[in-house]
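A.B. asks: Taking the hints into account, I'd like the entire structure generated from these sequences.
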Amino acid sequence: MSASFHIPAINHSTHTATDSRRRFFTPGMLVVTAIAAVGVGAWLFRMLFGLGAATNLTNAYPWGIWIGIDVATGVALAAGGFTTAFLAHILHRERYHPLVRPALLTAMLGYTFVALGVATDLGRFWAMWHVMLPPFWQPNSVLFEVAICVMCYLSVLYIEFLPAACERFIGRVNLPGRLAVLNHPVDRALRIADKTLGRFMTIFIMAGIMLSCMHQSSLGTLMVITYGKLDALWHTPALPLLFLLSAFAVGYPMVIFESIIAHRSFGLPGERSLLAELGRFIPFTLGLYLSVKVADLALRGQLPRLLVGDYYTQMLTIEVCFGVLIPILIFSNRHLREQTRWQFIGAALVVLGVAFNRLNVFLFAYSPLERGATYRPSAIEIAVTLGAIALTVVIYRAIALILPVIEQLDEHHTPHSRHDQRFPVVAPLSSHPISHPRPVTPTVPAAESNTVVGVKE
Amino acid sequence: MNARTSSQRTPKSGSDAHPPIDTSRRGFLKAGAVLTALTVGGKSLASDGADGASKLSQGRMGVLVDLTRCVGCRRCEWACNDANDNPHGKLEECDDQSVFASLRRPRTDQFCVVNATRNPKADPSPTDPPIFTKIQCMHCEYPPCVSACLVGAMQKSPDGPVTYDASKCIGCRYCMMACPFERLTYEYDRRFTPRIRKCELCSHRTHDGKLPACVEICPVEALQYGKREDLLRVAHERIAAHPDKYVDHVYGESEGGGTSWLYLSARPFEQLVDVGLPRLPDKSPAERTEHIQHAIFKGAAGPLGIAAILTTLHFLTRKGGHA
Ligand code: SF4
Ligand code: SF4
Ligand code: SF4
Chain A
0 MSASFHIPAI NHSTHTATDS RRRFFTPGML VVTAIAAVGV GAWLFRMLFG
50 LGAATNLTNA YPWGIWIGID VATGVALAAG GFTTAFLAHI LHRERYHPLV
100 RPALLTAMLG YTFVALGVAT DLGRFWAMWH VMLPPFWQPN SVLFEVAICV
150 MCYLSVLYIE FLPAACERFI GRVNLPGRLA VLNHPVDRAL RIADKTLGRF
200 MTIFIMAGIM LSCMHQSSLG TLMVITYGKL DALWHTPALP LLFLLSAFAV
250 GYPMVIFESI IAHRSFGLPG ERSLLAELGR FIPFTLGLYL SVKVADLALR
300 GQLPRLLVGD YYTQMLTIEV CFGVLIPILI FSNRHLREQT RWQFIGAALV
350 VLGVAFNRLN VFLFAYSPLE RGATYRPSAI EIAVTLGAIA LTVVIYRAIA
400 LILPVIEQLD EHHTPHSRHD QRFPVVAPLS SHPISHPRPV TPTVPAAESN
450 TVVGVKE
Chain W
0 MNARTSSQRT PKSGSDAHPP IDTSRRGFLK AGAVLTALTV GGKSLASDGA
50 DGASKLSQGR MGVLVDLTRC VGCRRCEWAC NDANDNPHGK LEECDDQSVF
100 ASLRRPRTDQ FCVVNATRNP KADPSPTDPP IFTKIQCMHC EYPPCVSACL
150 VGAMQKSPDG PVTYDASKCI GCRYCMMACP FERLTYEYDR RFTPRIRKCE
200 LCSHRTHDGK LPACVEICPV EALQYGKRED LLRVAHERIA AHPDKYVDHV
250 YGESEGGGTS WLYLSARPFE QLVDVGLPRL PDKSPAERTE HIQHAIFKGA
300 AGPLGIAAIL TTLHFLTRKG GHA
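Chains as they are written, first to last, in numbering that gives the first Met the number 0: chain A, 0 to 456; chain W, 0 to 322.
What the hints contain is simulated information worked out from the structure, not anything from laboratory work.
Bear in mind that the values here come from a model prediction, so they are computed numbers and not experimental data.
Between beta-carbon pairs, the in silico distance windows are:
id, chain 1, residue 1, chain 2, residue 2, range
1, W, 164, A, 170, 48 to 58 angstroms
2, W, 188, A, 192, 39 to 49 angstroms
3, W, 85, A, 300, 42 to 52 angstroms
Ideal placement from N, C-alpha and C gives every residue a C-beta, glycine not left out.
C.D. replies: Okay, structure coming up:
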């Protein structure tokens, strides 16, 4: 992964613009890649020397940031995948299609790293396969349900994402050297896969949404069993419902958050008005979550505690004010919602708010019976967690450059709908490093792609 | 993603984003069939789990701890280590009372510990010694650790003990999160084969007709091994015979759904929370969680409901125009 990712632009008049957007390594990406590399090193250390050497976990704190951040928060923030698929494919809101693939890619990578995070945290990771064999199954276990759903959903996500690969390579399979004899069979296989998938995709999308609802909520049920250790502001039988509703609520903000970052980093104009439309849903999803949260606190008689102002109520106040109330205000204001800056602030607050909620439930509001026991993640734990996030970004960028994921970045993309005329189109490349040049007549005159330079928000 | 998205990306179908209705209807029926199959599978899984207390045998065993008798000699700690191949010194070393300065908890190499509770009075007289409380896995009647373990490595045997099978364990430590007494320990320092460690009620000894090691060694009969129902009767008889000596409560009779280890005390159990007898509701935390879990998944109500909502929406929004 170095210079080979520098995909030459053919349209010389737009050379600089196209150039910056096709480069893999920007200065920012160098930093991210370095963090990822450190993370891989830390991960190797854990795998070789064990949990005791690598982490600060104890009998009082059996779960640390690998479960709290990598798994619990990771799953929540990957909710953009099923929530946008729901909007675009179940409710047929066609205009949101450009948002689906990036969200699916995030979900796919997110869940891949969730699975890796779990494996890293398992003391006997080599026995992981037990979870897949019926003789071991213990269906009363909430964790069992989560594990099975996450495994199924991960497969569904790969299937849902496969069309992107098919689209990219059908008619363009060009294997190196002797493997070239396989070009034709591989191409046929891709075509068959594409056709079959196309026919069944609705099923996979529905299954994906169902599996998501199941394990997003069960992730909350996980902590219901920790009696007497999780503070009562969070410990409630309604935890599964709250986890599900907050997953619904964080889906679109996560898509907005990512879209703004990705477009900026690729030097693309962005999807401001589409994101503003998506933002209209956020006050409703957040409002629903908030009302259930307040009702739950009231029903369990916990509301008066909010007047006390101890550590726990402070944590809850931060969580709800910044993660829920302020974003509701931002996204219900039409003027703010239309501005990229406020879209970003609002979305980031929801994302951080939900992350903070998961951390509260799994770490901050969890106090073991053992008096004086503390947990502070070790340097290795932090490095692995940051590394996983960084690696997600690196792989996301690589895939976004290779496969048709981000519409504005897709050089093979041809305008298909009435609504997004403003999307600039880059003419097909004549010498693509990983594809066979295909005889395509540019549907848009090269001159028109000059608009790339001129497009500003 | 589906047929439409991919077709959208080919130049031709740009204007016609909708496939003919009949293929979509076929897809809808297929979706329904697959989702039903999935959820019915889920249902049969969720309904045949081990249901806590119902599997227990009438004659299941337990241990009664009479805290009024315990003298804090820590012989049980020594015997426990000895019986479980844990490192231990000479028996006389148990007389070292300095360990009572801090509260201890079970460790990977020591499954039971005795803690001391000083008398809350500012100036305790010599006739008012501390209370010594031996703690170990309580062998819950409806054990949350068993309910939590996703691969069945934790088992409640019908005759009392809660046992652990390392050959099944994947090391997720969810059982540790679930234990309301926080009695499970984990071998973090073993690189590749860490195990959960806990008291197993000396089932390896009791199967040979021997007493649990701690019970056997106790010089003052503070520990008594027997059928749980007999022990409960004995406990209540003792309370009835000496109402001045005991508080009227058998800890473990109902705490957390009941435990195999039962405690009698001269002082209110509220004072023993810190040394290891937490206040718990009468219901096992596992019961509540399993109820939630089964409410969602039994009869596949949850997943089926979602599937129904999704297919309805898919249909309605397709027919009734679109954005
Ligand atoms: S029953 Fe056996 S393992 Fe359990 S505390 Fe007593 S001696 Fe130790
Ligand atoms: S005390 Fe803890 S480890 Fe022992 S049976 Fe109960 S839940 Fe399991
Ligand atoms: S650590 Fe082992 S025994 Fe405990 S829940 Fe996980 S698999 Fe089961």
